[in-house]
Amino acid sequence: MTSAQLEKILTRHDHQSANVLAILQDIQASENYLPRKTLEEVSKRLQVPLTQIYHLATFYRTFSLTPRGRHLVTVCTGTACHVKGAASILNTLEREFEVAPGETTDDKEYTLETVNCLGSCALAPLVVIDNHYHGRMLGSRVLSLLRGEKDASEKS
Amino acid sequence: MHLKSPDDLERLRTRILEDRKAQEGKKGIVLCTGTGCRGAGALEVYEAFQKELGGKSAIEFTSTCCHGFCERGPITIIEPQGIFYQRVTPETVPQIIAETVKKGQVIDDLLYQDPATEQAIPAEQDIPFYKKQNRLVFGNNRLIDPTRIEDYLAVGGYQALAKALFDLSPEEIIAEVKRAGLRGRGGGGFPTGRKWESCRRAPGDVRYVICNCDEGDPGAYMDRSLMEGNPHSVLEGMIIGAYAIGSHEGYVYVRHEYPLAVENVGIAIEQAHKMGLLGKNILGSGFDFTIKISKGGGAFVAGESTALMASIEGYVAEPRAKHIHTVESGLWDKPTNLNNVETWANVPLIIERGAEWYGAIGTEGSKGTKIFSLVGKINNTGLIEVPMGMTLREIVYDIGGGIPDGKRFKAVQTGGPSGGCIPEDMLDLPVDFDALTGAGSMMGSGGMIVMDESTCMVDVAKYFMHFLKDESCGKCTSCRDGTLRMYEVLDAITKGEGKEGDIELLEEIGWATTEASLCALGGTAANPVLSTIRYFRDEYEAHIKDKRCPAGVCPALITYTIDPEACIACGKCRKECPTEAITGKKKVPHEIDQAKCIKCGTCREVCPVDAVKVE
Chain B
1 MTSAQLEKIL
11 TRHDHQSANV
21 LAILQDIQAS
31 ENYLPRKTLE
41 EVSKRLQVPL
51 TQIYHLATFY
61 RTFSLTPRGR
71 HLVTVCTGTA
81 CHVKGAASIL
91 NTLEREFEVA
101 PGETTDDKEY
111 TLETVNCLGS
121 CALAPLVVID
131 NHYHGRMLGS
141 RVLSLLRGEK
151 DASEKS
Chain V
1 MHLKSPDDLE
11 RLRTRILEDR
21 KAQEGKKGIV
31 LCTGTGCRGA
41 GALEVYEAFQ
51 KELGGKSAIE
61 FTSTCCHGFC
71 ERGPITIIEP
81 QGIFYQRVTP
91 ETVPQIIAET
101 VKKGQVIDDL
111 LYQDPATEQA
121 IPAEQDIPFY
131 KKQNRLVFGN
141 NRLIDPTRIE
151 DYLAVGGYQA
161 LAKALFDLSP
171 EEIIAEVKRA
181 GLRGRGGGGF
191 PTGRKWESCR
201 RAPGDVRYVI
211 CNCDEGDPGA
221 YMDRSLMEGN
231 PHSVLEGMII
241 GAYAIGSHEG
251 YVYVRHEYPL
261 AVENVGIAIE
271 QAHKMGLLGK
281 NILGSGFDFT
291 IKISKGGGAF
301 VAGESTALMA
311 SIEGYVAEPR
321 AKHIHTVESG
331 LWDKPTNLNN
341 VETWANVPLI
351 IERGAEWYGA
361 IGTEGSKGTK
371 IFSLVGKINN
381 TGLIEVPMGM
391 TLREIVYDIG
401 GGIPDGKRFK
411 AVQTGGPSGG
421 CIPEDMLDLP
431 VDFDALTGAG
441 SMMGSGGMIV
451 MDESTCMVDV
461 AKYFMHFLKD
471 ESCGKCTSCR
481 DGTLRMYEVL
491 DAITKGEGKE
501 GDIELLEEIG
511 WATTEASLCA
521 LGGTAANPVL
531 STIRYFRDEY
541 EAHIKDKRCP
551 AGVCPALITY
561 TIDPEACIAC
571 GKCRKECPTE
581 AITGKKKVPH
591 EIDQAKCIKC
601 GTCREVCPVD
611 AVKVE
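Chains as they are written, first to last, in our numbering: chain B, 1 to 156; chain V, 1 to 615.
Bear in mind the hints are in silico, worked out from the structure with no lab data behind them. Possibly wrong hints are sitting among the right ones.
Computed cross-link-like contacts, SDA-like style, restricted to lysine to any residue with a CA-CA straight-line distance of at most 25 Å [stated by the list, open to error]:
1) V:Lys26 - V:Glu60
2) V:Lys334 - B:Leu46
3) B:Lys8 - V:Glu270
4) V:Lys280 - B:His13
5) V:Lys475 - B:Leu50
6) V:Lys572 - B:Arg95
7) V:Lys274 - B:Arg12
8) V:Lys51 - B:Asn131
9) B:Lys44 - B:Ala4
10) B:Lys8 - V:Ile267
11) V:Lys495 - B:Glu98
12) B:Lys8 - V:Val262
13) V:Lys495 - B:Ser30
14) V:Lys132 - V:Tyr397
15) V:Lys469 - B:Arg95
16) V:Lys322 - B:Gly85
17) V:Lys292 - B:Gly85
18) V:Lys495 - B:Gly85
19) V:Lys27 - V:Pro6
20) V:Lys599 - B:Gly135
Go ahead and model the full structure; you've got the sequences and the hints to work with.
Structure (structure tokens):
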């Protein structure tokens, strides 16, 4: 993130240290993670200790300190999804990607995440691939979806 | 248009209603594009309608948010007949316009079919799911495009605000809310009027009001749907509350996982400002009030009031001890009144129609209606609004349509991770704040997750403990370690490593966690464990003593086999098995090599004839 881009975000939030959470959210949205350099600059500019920023960045689920993969696969593990088999979908994806939730595959292709509920319980169990909701899923169907999407993106 | 008086507001409303009267009987299409229907493809349907109608159609096309019957989304209603179409796809759009909108012909395939009578039902109000509901708070969603303030005004919006500002004193408003018996919809059930009164009386010049839309209970999404679908009703409640309390600044705290709610409430705040319903000198009353939005960062504990306030201040969402209540010292150490989305949305109703009317709905201790999200192993998944005191049986069977696939009901989980599981023999329990607490569960924010015979209750308890150990902020040892230890014990039990005495150990840790934690997260964390032990002890014992999972869920305690009689040797399971544990050829029934099987269940998922058995 360039200094100019950061400046824009800081201005949007009045350079206020009370708005640090919203500032981090904007950085995350723009960069897909929180780069260390940017956090150091935020710390300096807002006079907020880097430790406090680190505390925030590791406390809230929305933040990531490492770059995420090109595709984000989120398995909803809300209660409705759980009773309808979310755990088995998650296991399937963990095996397929060889990563744990929160991690990114070595080729930086996929990041696997879980979310506590997206409130789309009628579609349970739900998997979100790059912001597209896929309802009434099964582990085997997610895999074929992923293979399909990969094929489609390779073609385009 | 900037409204400077209640008369201005009424004049505008009259004009809107006259315009609409002139349009009465006109052809129209209402499409739900709430998050639930979006997940089922509503945006694609929206585009198809836009394309088919073109720019200058005489047909009124409205997109609203959640109507509640999410199971059947995307939902479309054709006006003026009010024909209810379900599971609409982009492909069916040209047909809907050509046949139903233009010629008035009903397309039977798109109607809802009552599974009991196999009758197709054309009108929304005749569908059993809607029939028993009383949708006072939620019903307007169907009439409102949340991005148009005029739609809210057309259903009587901001009338209660005008009444509050010009006909009632702050004390009278508080007395009215107290008399109505409104209790907090976010979980605690604290009397709203009393909270307001304490905040008003707290010393200091600056006071804050907060709307808590950090809806973290998994399986509950009524707050999101209200915020997305009818944000002005929440804002109106907040402005009335702020006037009663004497506050000039408010916050709406929304989960970042709810982008559409953030967007719609943002638009609503902007529109209310432009019209003079927010900001300086509201409707010429001399009362000033502004609202800011604060976005959550994905932490369950942030829904706790003191944690939420810490988060708005820019800190991590850790609760503090409440020896001093937030109504005296909350956000930035100022008196702060926090209520949940649904609570705020009830306020205009009470002010407009009066405490007597409101108090006549519900039970002795719990007045009004409550929105529940009915999810899990249930036929009609969705949001329902019913009077307090309706029995679980009516909710699950009459509205919810019972359990899918002819399976047997086992339990309903209420109150999210702080709640508990209520068994079959308590189905006649009337649902209100006190009855649920008495049953070892709680109302919470209104999630109801239905479980059937294929749900393992030990696994459910483990699920919640996994959730809570992750979401515990770590401040109190009893909660941080208590949830972790309970999880470890439950994990061992589900892996067949349970020991004699584990149930008693869980009860003891549960007790300590409840008693020694600061906030409600720790204080109620043991509920899912204790309530499942209370009602489903035999399932725990089957896991511990017999090393058996009666529901066939816990992988370490089950085996998958293929019934050679039923197997059609199609080879699907063999192809999909991730560990190549399945052998078989064409016309030869397949077999699972138990040594290689990792019990992932893929074979069972893909089998077209249900030949894979679990024991």
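(Q) Next pair to validate is Lys495 (chain V) with Glu98 (chain B); report whether the Cα-Cα distance is within 25 Å. (A) holds, 22 Å
Q.
Given the hinted pair Lys26 (chain V) and Glu60 (chain V), is their Cα-Cα distance within 25 Å?
A. The given pair, whose Cα atoms are some 8 Å apart, holds under the 25 Å limit.
Q: With a cut-off of 25 Å on the C-alpha distance, tell me whether Lys27 (chain V) and Pro6 (chain V) pass.
A: violated, 33 Å
**Q.** Given pair status - Ser30 (chain B), Lys495 (chain V), alpha carbons within 25 Å
**A.** Violated, at roughly 43 Å.
Q) Is Lys469 (chain V) within 25 Å of Arg95 (chain B), Cα to Cα? A) With a Cα-Cα distance of about 24 Å, the restraint between Lys469 (chain V) and Arg95 (chain B) holds, given a limit of 25 Å.
Q.
Need the status of pair Lys274 (chain V), Arg12 (chain B): alpha-carbon distance at most 25 Å?
A. Holds, because 21 Å separates the two Cα atoms, which is no more than 25 Å.
Q) Does Lys132 (chain V) pair with Tyr397 (chain V) here, judged by a C-alpha cut-off of 25 Å? A) holds, 11 Å
Q: For the pair supplied as a hint, Lys8 (chain B) and Val262 (chain V), confirm whether the alpha-carbon distance does not exceed 25 Å.
A: Measuring from Cα to Cα gives roughly 21 Å; hence the hint holds.
Q.
For a C-alpha distance cap of 25 Å, please report whether Lys292 (chain V) and Gly85 (chain B) respect it.
A. It is violated: about 39 Å lies between the C-alpha atoms, which goes past 25 Å.
Q: Measure nothing beyond the straight line between the CA atoms of Lys572 (chain V) and Arg95 (chain B); if it is 25 Å or shorter, mark the hint as holding.
A: holds, 19 Å
Q: Could you grab the alpha-carbon distance between Lys334 (chain V) and Leu46 (chain B) and see if it respects the 25 Å cut-off?
A: At roughly 24 Å apart (the allowed maximum being 25 Å), Leu46 (chain B) and Lys334 (chain V) satisfy the hint.
(Q) Between the alpha carbons of Lys280 (chain V) and His13 (chain B), is the straight-line distance 25 Å or under? (A) holds, 22 Å
The structure fails to meet hints 13, 16, 17, 19 from the earlier list, while all remaining hints are met.
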